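Engineer: Spelled out, the chains give:
There are 2 protein chains.
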Amino acid sequence: MAAMNRRIVLAARPHGEPTPQDFRLEEVPIPTPGPGEVLLRTKWLSLDPYMRGRMSAAKSYAAPVEIGDPITAETVGEVVASNNPDYRVGDLLTAFAGWQEYFVTDGKGGRRVDPSEAPPSTALGILGMPGMTAYTGLLNIGQPKPGETVAVAAATGPVGSMVGQIARLKGARAVGIAGGPDKCRYLTEELGFDAAVDHRAPDFPEALAQACPKGIDVYFENVGGAVFDAVLPLLNDFARLPVCGLVSSYNATEVPPGPDQRPALLRMVLTKRLHIQGFIVWDFRAQAGDFHRDVSDWLKEGRLRYREDVVEGLEKAPEAFIGMLKGRNFGKLVVRVSP
Amino acid sequence: MAAMNRRIVLAARPHGEPTPQDFRLEEVPIPTPGPGEVLLRTKWLSLDPYMRGRMSAAKSYAAPVEIGDPITAETVGEVVASNNPDYRVGDLLTAFAGWQEYFVTDGKGGRRVDPSEAPPSTALGILGMPGMTAYTGLLNIGQPKPGETVAVAAATGPVGSMVGQIARLKGARAVGIAGGPDKCRYLTEELGFDAAVDHRAPDFPEALAQACPKGIDVYFENVGGAVFDAVLPLLNDFARLPVCGLVSSYNATEVPPGPDQRPALLRMVLTKRLHIQGFIVWDFRAQAGDFHRDVSDWLKEGRLRYREDVVEGLEKAPEAFIGMLKGRNFGKLVVRVSP
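Sequence order for the protein chains is A and B.
If you want our numbering, it's the position in the first sequence, counting the first as 1, plus 17.
If you want our numbering, it's the position in the second sequence, counting the first as 1, plus 17.
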């Protein structure tokens, strides 16, 4: 065991796009577990777009990370010391340990990870928060019906790839939006999406319209911006829009110039009777059991696939995170912090 | 019986605010009912903001009125000739007769009006489409819970006044927004709203905040614009926004200048987990029976009040309609077309 705990803290609040200077790698003593606590050594660290929000001071559904504190993140850690009879050394456990190598917890708020069920990193992806975000948002708010069209952006990411695959399991048509031909090919050839559209192509709006000949009944919103612009005219009456993220605007530093498109959006809400609803995964925490049962079954039956983008070493987290906000990852981005 | 049918047709599509020149009063022969049909003489004509939308060619949930055709409107008419054994001369019937004195119908799509139950004009207000809009939108989408705060604009109008009163019947706090001190006084003193705020007052946003010390849980949206701006920062997490109208923008002729407030709205949808949903009353037509039963009961029990703004004579309809879009009516606007 190393004598020190390496961690990455917020050095400065990013202005717009985060830069490496907004993060600082530092070493602090490894904490000691108190009564009822365990010491976790981080194996897998999850990088997710929501972390950009936590780096800002703006009010949101969760408190911001303070300057000098480790960046918030869910992790899979291995128990390396235990003062809690419920956990033995070697057990794997999820925790919100943040961007660091060691973390003390009483285990509350985390869950056990069974490596015989699936690779432990999936507890941060398809079997974790991103998977449950897709599952709960799509089924509770999106409610796709057989034959309907479900569109999702960032479709090769952990949320988008699940949205499309679950939509197909429910009998709907899945249209994925992703950046570049490789990702689009992966969607149709590997994940079974009915169509994939490259949002970087100059004819993106027309291509999306062609990929949705019967319009869009569910648009799972996780990016906003130009993709939303292209989706809006294709929405059918009574379309549902679960909103779980707006990655395209996370780095915005000022209110965008006009025209003001809010009145036009509200007019469309009215005339098409749209249902737009924001959510975060914890709003549906009561469904965690259903989620784990269904997704585990689908995985075992080979009906769900996933892809991970693995970064080696905690020190690579800032660069990988900055790239993710630009769409550079291909699959669920995780950092292997220790072997 | 007059020899001719007077009607008001769309002379030109309004550009922005409608003007008297957009309408034309004309006389055509009274139509003759065919087999199974009845001839209705219009007694009451309803004027509602949605008609502004029908005067434009823009795509919406209903087809536009054609140039030269009578403006769309629901009416209460008296059967003056009948070739249908189900209807006798003297029966009262609702119909979408439009802005005219006579109309032939087979009765389908209309319903009988029982003058012993309530004054017949209420079939166009509290017991008609506006009342059912308030009832279905508030109860299905707004879902107010006891102790929550429900805010509604155009609160002395037929929809808004019902929204606030039903909210109170469900144990919620009702905050009405209206134009001018007379209307505000009416809301609190006559209708029992918990608070009323004048949107014309210079300190309107601050006054609204003071009237909603625990924030807003349901905002029943029927106006948009500056009222929406003042409501947004007061919305609580998980607030619901049924959207049934956007009167403030019905006369808009161009996309408003920037900044673009759409991204900020979507960010608020996400961080506050708002539920925004457009609807029209016909989406809930299956609940017409529940609506009539509940509202009739509440009326008989004296738990609901209403106010009508009666205009005398068909020829006054254009002027009254133009004024309504500026908030000049006080109560449900109806035209008495015949005695």
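Hints are computed from structural coordinates only; laboratory data are not their basis.
A portion of the hints provided could be inaccurate.
Since copy identity is lost for identical chains, a pair holds within one copy or between any two.
[Said to hold, decoys possible] Heads up, simulated SDA-like pairs for lysine to any residue below, C-alpha to C-alpha not over 20 Å straight-line:
(1) K289 with G70
(2) K60 with N253
(3) K289 with A80
(4) K162 with L331
(5) K125 with H309
(6) K60 with A305
(7) K333 with E54
(8) K333 with A75
(9) K289 with P48
(10) K60 with D246
(11) K333 with I297
(12) K231 with D311
(13) K162 with G107
(14) K289 with E329
Small disclaimer: the values here were computed from a predicted structure and weren't measured.
Engineer: Each of the hints needs a verdict: does it hold here or not?
Structural biologist: Verification of the hints:
no.	hint	verdict
1	K289 with G70	between (31 Å within a copy, 14 Å between copies)
2	K60 with N253	neither (45 Å within a copy, 38 Å between copies)
3	K289 with A80	between (36 Å within a copy, 13 Å between copies)
4	K162 with L331	neither (42 Å within a copy, 47 Å between copies)
5	K125 with H309	within (18 Å within a copy, 52 Å between copies)
6	K60 with A305	neither (23 Å within a copy, 59 Å between copies)
7	K333 with E54	neither (29 Å within a copy, 79 Å between copies)
8	K333 with A75	neither (26 Å within a copy, 53 Å between copies)
9	K289 with P48	neither (56 Å within a copy, 36 Å between copies)
10	K60 with D246	neither (40 Å within a copy, 47 Å between copies)
11	K333 with I297	neither (27 Å within a copy, 52 Å between copies)
12	K231 with D311	neither (29 Å within a copy, 39 Å between copies)
13	K162 with G107	neither (44 Å within a copy, 48 Å between copies)
14	K289 with E329	neither (47 Å within a copy, 36 Å between copies)
In this structure, the hints that do not hold are numbers 2, 4, 6, 7, 8, 9, 10, 11, 12, 13, 14, in rising order.
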